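Could you build all of it, start to finish, from the sequences and the hints given here?
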Amino acid sequence: MAASEKSTIERVRATLARRNRAERRFKNFGRAAVLVGLVFLVLMFVNIILTGYSAFWQTFVKLPVHFDAQVIDPGGAGDPETLGSADYGALVKTSVRSLFPEVSGRRHRRDLGQLVSRGTVFQLRRMVLEDPSLVGSRAEVWVPADDDYDMLHKGNVDRTLPEADRRLSDRQIGWFDRLADDGRVESRFSATFFTAGDSREPELAGIRGAAMGSFFTLAVTLLLSFPLGVATSVYLEEFAPRNRVTALIEVNINNLAAVPSIVFGLLGLAVFINLFGLPRSAPLVGGLVLTLMTLPTIIIAGRAALKSVPPSIREAALGVGASKLQMIVHHVLPLAMPGMLTGTIIGMARALGETAPLLMIGMVAFVVDVPQSVTDAATALPVQIFLWLDSPERAFVERASAAIMVLLAFLVAMNALAIVLRRRFERRW
Amino acid sequence: MADQPGAAVMEAGALEFRGAEVDLVDERRESRETVGTPFIDDPRMSCRDVNVYYSDNHAIKNVSLDIGREQVLAMIGPSGCGKSTFLRALNRMNDTIDGCRMTGEIKLDGNDIYAKDMDVVPLRALVGMVFQKPNPFPKSIFDNIAYGVRIHGLAESKSEIEGIVEHSLKRAGLWEEVNDRLHQPGTGLSGGQQQRLCIARTIAVSPEVILMDEPCSALDPIATARVEDLINELGQDYTIAIVTHSMQQAARVSQRTAYFHLGDLLEVGPTDQIFTNPIHPLTEDYITGRFG
Ligand SMILES: Nc1ncnc2c1ncn2[C@@H]1O[C@H](COP(=O)(O)OP(=O)(O)OP(=O)(O)O)[C@@H](O)[C@H]1O
Ligand SMILES: [Mg+2]
Numbered sequence: 000m001a002a003s004e005k006s007t008i009e010r011v012r013a014t015l016a017r018r019n020r021a022e023r024r025f026k027n028f029g030r031a032a033v034l035v036g037l038v039f040l041v042l043m044f045v046n047i048i049l050t051g052y053s054a055f056w057q058t059f060v061k062l063p064v065h066f067d068a069q070v071i072d073p074g075g076a077g078d079p080e081t082l083g084s085a086d087y088g089a090l091v092k093t094s095v096r097s098l099f100p101e102v103s104g105r106r107h108r109r110d111l112g113q114l115v116s117r118g119t120v121f122q123l124r125r126m127v128l129e130d131p132s133l134v135g136s137r138a139e140v141w142v143p144a145d146d147d148y149d150m151l152h153k154g155n156v157d158r159t160l161p162e163a164d165r166r167l168s169d170r171q172i173g174w175f176d177r178l179a180d181d182g183r184v185e186s187r188f189s190a191t192f193f194t195a196g197d198s199r200e201p202e203l204a205g206i207r208g209a210a211m212g213s214f215f216t217l218a219v220t221l222l223l224s225f226p227l228g229v230a231t232s233v234y235l236e237e238f239a240p241r242n243r244v245t246a247l248i249e250v251n252i253n254n255l256a257a258v259p260s261i262v263f264g265l266l267g268l269a270v271f272i273n274l275f276g277l278p279r280s281a282p283l284v285g286g287l288v289l290t291l292m293t294l295p296t297i298i299i300a301g302r303a304a305l306k307s308v309p310p311s312i313r314e315a316a317l318g319v320g321a322s323k324l325q326m327i328v329h330h331v332l333p334l335a336m337p338g339m340l341t342g343t344i345i346g347m348a349r350a351l352g353e354t355a356p357l358l359m360i361g362m363v364a365f366v367v368d369v370p371q372s373v374t375d376a377a378t379a380l381p382v383q384i385f386l387w388l389d390s391p392e393r394a395f396v397e398r399a400s401a402a403i404m405v406l407l408a409f410l411v412a413m414n415a416l417a418i419v420l421r422r423r424f425e426r427r428w
Numbered sequence: 000m001a002d003q004p005g006a007a008v009m010e011a012g013a014l015e016f017r018g019a020e021v022d023l024v025d026e027r028r029e030s031r032e033t034v035g036t037p038f039i040d041d042p043r044m045s046c047r048d049v050n051v052y053y054s055d056n057h058a059i060k061n062v063s064l065d066i067g068r069e070q071v072l073a074m075i076g077p078s079g080c081g082k083s084t085f086l087r088a089l090n091r092m093n094d095t096i097d098g099c100r101m102t103g104e105i106k107l108d109g110n111d112i113y114a115k116d117m118d119v120v121p122l123r124a125l126v127g128m129v130f131q132k133p134n135p136f137p138k139s140i141f142d143n144i145a146y147g148v149r150i151h152g153l154a155e156s157k158s159e160i161e162g163i164v165e166h167s168l169k170r171a172g173l174w175e176e177v178n179d180r181l182h183q184p185g186t187g188l189s190g191g192q193q194q195r196l197c198i199a200r201t202i203a204v205s206p207e208v209i210l211m212d213e214p215c216s217a218l219d220p221i222a223t224a225r226v227e228d229l230i231n232e233l234g235q236d237y238t239i240a241i242v243t244h245s246m247q248q249a250a251r252v253s254q255r256t257a258y259f260h261l262g263d264l265l266e267v268g269p270t271d272q273i274f275t276n277p278i279h280p281l282t283e284d285y286i287t288g289r290f291g
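The listed protein sequences derive, respectively, from chains W and Y.
In terms of numbering that gives the first Met the number 0, the first sequence opens at residue 0 and continues consecutively.
In terms of numbering that gives the first Met the number 0, the second sequence opens at residue 0 and continues consecutively.
I should point out that these hints are in silico values taken from the structure, not numbers from a laboratory.
Incorrect hints may appear among the rest.
Unchecked claim - Cut-off 25 Å, straight-line C-alpha distance, at most; resulting in silico cross-link-like pairs (PhoX-like, lysine-lysine):
(1) Y:Lys-132 - Y:Lys-115
(2) W:Lys-26 - W:Lys-61
(3) Y:Lys-60 - Y:Lys-138
(4) W:Lys-323 - Y:Lys-60
(5) Y:Lys-106 - Y:Lys-138
(6) Y:Lys-132 - W:Lys-323
(7) W:Lys-323 - Y:Lys-115
(8) Y:Lys-106 - W:Lys-323
(9) Y:Lys-157 - Y:Lys-138
(10) W:Lys-306 - Y:Lys-138
(11) Y:Lys-115 - W:Lys-306
(12) Y:Lys-106 - Y:Lys-60
(13) W:Lys-306 - W:Lys-323
(14) W:Lys-153 - W:Lys-61
(15) Y:Lys-169 - Y:Lys-132
None of these values were measured; they are calculated from a predicted model.
In structure tokens form, the structure reads like this:
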């Protein structure tokens, strides 16, 4: 009986090496998992930033513009209406042609006109309306280049491709190179991406419309789902009698959390738009739909948080004569709040990235104007990304990447806010 | 319930040498009737035929007992016999436990505390409780004590609250240790300090009846003496029911003692008589250390 002669400490020692090895192995697995996650995160960020950062830069072309009085204001009256309705397109055409006087033929001349962005027309009009004394003068004006030339300048066009496979012909590239050689081309930081709504022209398209749409939608979602979710979880967890009805409700809430989001869109279409007559494409309806989608998540997280509050705290409060509501508000809710906030943030983050339910209520649309309120037509960030990625223009791809950066910034901001709030409540004494 | 006859048989075997006496003792030992003086004149609280069930577990069986005015009642008995359960029935803390049912009648000053129109909030303000496990709020020491005062509106001004906090801490024997860190977390105190904090919290709302569930189980002899002094002092004006595992403590602080055994109340009587001359054989076994 050799085994019985071994002392306890010897037996413990015998297993010790194995136990320590298991622990080391587990730690290494964990480190490897974290590392893999980090690598992919970095790859994703690098990729997005590399493709997207150029959206904040725009190629500009210097045009010699003659604000011809004959074209803008033949009568010389100078009233804003005449100035506003003048044919600025003609000014642009004349000025581009003046740079390339040798170009002839209708088709080539038309191509020439497309060297600069269509927004140039509005830019010149705005300049004249702001300063009518420009009429009759000549000026060098920096205007955005068309997106194809922008891509060319940013090096996103492969010049070695056969001409037929490119959006720009050799001749067009030649024009642009000549402008560049003349010092008439410059890449500048452009705030357009942050200030403009969507546009058919990539160089004029911005994220502001979608960002505001997302902001309004999420604001509605948060304002509705957080109080509703907290109230529901408190009622179900603390007040509701435990019977068949509440058991049924509980099962259904758990089911709702797993319902595909597009179903909520269908519900929103049927109820909010068709039944209540709320406007289509509005962040208000989007917010309502996303509230329905987020609520189960918040309720489930809220109930779990309430359950985890130690019963001794409840007894202590009741023991000194607190009413049930006082017990909940003074003691249980503060302790449950971090968990509830976590659930809310998870729900909101999911809502922020959601496109499918918005599809049904018309928030997947081409909306040029930046929404000013929750009832204006709007899209949301993920929808905008989807729409841009779906466009044929190469320039929209960089815009989409930049939009993803904005979306991620939104997410990071929301998470940061959640961490700050959680810290405040988590001072667990 | 199933183990009772078994236990009795074993005890009977041990007593066999007493010969003729055995039958008589056996019969008395089997009895689960309350002996002694459970009823008194003009009680503060009176309990009649109280039964408490946790789902199927019959934790308190037909207990009838009076608790006197300006008196300390000690409850003793082996672990798991239902002392805490009975104590918690006295201010309806058992209401908060799922599946806990109660039958019978408990009156405070002649009013049925389980009556339909009885509000538990004033009841619990009147009948305060110190729990078996210290359970301070995760708030500052000051707020722990001020909380009850604030919610019941017992103080007009901030300085009045501060006065109550100081007074309560002093009576609980904690003031010296914490007066320089009143705004630090109550959960950061040691176990014994937490228990005294909970005592201070309870007496801060000046309840008229105080229920204490083993208030000294985590205290050193000095703090225990301090709390016992407090109980003696409070016992002059208030009604106190205290659960304790220390016979000496029961002897030092109480005027009456009740002995619980597996859910039954076996014996109630004046403390000195219970400890010197118990009637029920099981009480005698317990206080002489032969049981539990
Ligand atoms: N919350 C509960 N749910 C179910 N059963 C319980 C609960 N609390 C106590 N019991 C049961 O009721 C019986 C009496 O318990 P109680 O806590 O009153 O004993 P006690 O006399 O206070 O014991 P101790 O001296 O160890 O504190 C025990 O059998 C216990 O298992
Ligand atoms: Mg107990």
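Comparing the hints with the structure gives:
For the proposed pair Lys-132 of chain Y and Lys-115 of chain Y, the alpha carbon gap of about 30 Å is over 25 Å, so the pair is violated. Proximity of Lys-26 of chain W to Lys-61 of chain W is assessed by CA-CA distance (about 61 Å); at most 25 Å being required, the pair is judged violated. Between Lys-60 of chain Y and Lys-138 of chain Y the alpha-carbon distance is near 39 Å, which puts this suggested pair outside the 25 Å criterion. Between Lys-323 of chain W and Lys-60 of chain Y the CA atoms are separated by roughly 29 Å; this puts the pair beyond 25 Å, and the hint is violated.
Distance restraint check for Lys-106 of chain Y and Lys-138 of chain Y: the Cα-Cα separation of roughly 34 Å exceeds the 25 Å cut-off, and the hinted pair is therefore not satisfied. A threshold of 25 Å between alpha carbons decides the hint, and for Lys-132 of chain Y with Lys-323 of chain W the separation of about 21 Å falls inside it, so the pair holds. Using a Cα cut-off of 25 Å, the hinted pair Lys-323 of chain W and Lys-115 of chain Y holds, with the two alpha carbons roughly 17 Å apart. For the hint pairing Lys-106 of chain Y with Lys-323 of chain W, the CA-to-CA distance comes to about 23 Å; that is within 25 Å, so the pair holds.
Straight-line distance between C-alpha atoms of Lys-157 of chain Y and Lys-138 of chain Y comes to about 18 Å, which keeps the hinted pair within the 25 Å bound. At most 25 Å may separate the alpha-carbon atoms for a hinted pair to count; Lys-306 of chain W and Lys-138 of chain Y meet this at roughly 20 Å. Straight-line distance between C-alpha atoms of Lys-115 of chain Y and Lys-306 of chain W comes to about 28 Å, which puts the hinted pair past the 25 Å bound. Distance check on the hinted pair: Lys-106 of chain Y and Lys-60 of chain Y sit about 18 Å apart at the alpha-carbon level, within 25 Å; holds.
The hinted pair formed by Lys-306 of chain W and Lys-323 of chain W meets the criterion: a straight-line CA distance of about 15 Å does not exceed 25 Å. In summary, the hint linking Lys-153 of chain W to Lys-61 of chain W is supported, as the alpha carbons are separated by about 17 Å, within the 25 Å threshold. Of the pairs offered as hints, the one joining Lys-169 of chain Y and Lys-132 of chain Y holds, with about 21 Å between alpha carbons and a cut-off of 25 Å not exceeded.
Hint check: violations occur at hints 1, 2, 3, 4, 5 and 11; the rest are consistent with the structure.
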